[in-house]
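The task is simple: from the sequences and hints, build the whole structure.
Protein chains: 2
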Amino acid sequence: MLHGIFYCIILNKPIGIFDSGVGGLTVASAIKRMLPNESFVYFGDTRHSPYGDKSEETIRQYSQRITKFLLEQDCKAIVIACNTASALAYQVLCDSHPHIPIINVVDPVVNHVGSKINNKVGIIATRATIKSDMYRKKLKRLNPKLHIATAATPLLVGVVEEGFMNTKVSAGAIEAYLGSKKFADVTTMILGCTHFPLLQREIERFFEGRAEVVDSPELVAHYLKMVLQKAGLSSTTSEAKYRFIVSEKTPSFARIAKMFFGEDIKLEEIVLR
Amino acid sequence: MLHGIFYCIILNKPIGIFDSGVGGLTVASAIKRMLPNESFVYFGDTRHSPYGDKSEETIRQYSQRITKFLLEQDCKAIVIACNTASALAYQVLCDSHPHIPIINVVDPVVNHVGSKINNKVGIIATRATIKSDMYRKKLKRLNPKLHIATAATPLLVGVVEEGFMNTKVSAGAIEAYLGSKKFADVTTMILGCTHFPLLQREIERFFEGRAEVVDSPELVAHYLKMVLQKAGLSSTTSEAKYRFIVSEKTPSFARIAKMFFGEDIKLEEIVLR
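Here the protein sequences come in this chain order: W and U.
Count along the first sequence starting at 1, add 13, and that's the number in this note's numbering.
Count along the second sequence starting at 1, add 13, and that's the number in this note's numbering.
Hint data in this document are derived by calculation from the structure and do not stem from the laboratory.
A quick note: this is a predicted structure, and the numbers were derived from the prediction, not measured.
Note that beta-carbon positions come from the ideal geometry of N, C-alpha and C, so glycine has one too.
If a hint is listed, it holds; no wrong ones were tucked in.
Below, a list of computed lysine to aspartate or glutamate pairs in the EDC-like style, where the Cα atoms sit at most 20 Å apart:
no., chain 1, residue 1, chain 2, residue 2
1, W, 181, U, 215
2, U, 45, U, 228
3, W, 262, U, 70
Here chain U is said to cover these stretches of chain W; the calculated rule only asks that three of the stretch's residues, wherever they fall, bring their Cβ under 8 Å from a Cβ of chain U:
no., stretch
4, 171 to 180
5, 185 to 193
In structure tokens:
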């Protein structure tokens, strides 16, 4: 009996989700929608945001510190809801914490896209993610026949954070970045940054049905569901709780968090030492 | 005689210039043009860039550390070539270093603009600079009759860093930000971010001659010249030397430094502890 109670306590522990800032809230939102029984602790490292232009070593240090904090909050699994950290810090986090399920936002997308034959894949992301070449390497490992074109599109992050979706600015930036010849014949487009789901419809319109634009947050939430089920860690409660922590409370985080998560949220500030 | 030599050595010491990243190179470039005999050490805090969304305390800490470093490099004067740090850290730096001439990028512009009667002034800058309200406060102190309208325009930073000047993207962003009713009747426009001089011509075109768009780097260089002359610190050599240091060598810094400075530069990486 006691054993059963303790087991339930473990199951009902929260999931730890982290990102360099607000983008990961698109993933948190998909997790809330798809796994309504799961609690989570979200950590947005706004003090060091954006990660996109930082060095590998710096991003690994930050990711290690945040993961340590989330495990201290008793998280049963970790979701790296940041493409840059997924590309640069995933392996080192798995090596440091072999008994905790850790998932990143790259693998679920790679598994979905890489299995398709004759696929011509386009990838857009921050500079650090593109430079890491993670998506290309993982896709090629799964399916060496894929044709892959990539581009760093850092301005799209700001376009979303400024709420310039569905304006001349977003249209101009999407056209400038995606109008490149290398993307002319892609059949699948990967949005390799957690900010970009907010531009998904516009990017779909840009391709006029010629390319599938992948919904990464949904794929990640689906993958998390599978991993938890497989590990026997799915929550048994229907009273999910959510915490939203930032390393620096900025006016912009508060302003746009709602846009990313889809509802008002209460922010706590915690500085990690 | 010896005394004279020592005096010359002091005069020919470099000027320390710092910014959160690359933007301050527009100021460094104006200093090089206007004070060709002055050497300088430029420090771009790319590891912590951008400052625009960071807290006052954080920006003050970074500015103190960089100033300490520049004085260790034997700088005879400090130029805060960053609007956010000028707004938030200038006073604390002056208090800590009363014997070193320290100039910021706000005062020269305020002195130029504030003296004009019946002026309607528009100010665009990062969120932190606008939130500090520094330009408005200083302008009002100089001339309480001024009409002042402000807006945070953070996307313009990314537009410049991505090289999207003179495109639909820059045009769309300028229109979205400056097309606001509050800027409709401004007679002077202050570009309160060291990135924005690269958009000066486009912003001038947007206003179709209705507003003077202030050339901040030129005003700052001119002000520095005056301060050095007044303090008897003008260089006597014609062999100016330039050092460019960043706290993190990023591909984007190297790529766009040339754009900001107007010529190729060699970057050193130094991490401040």
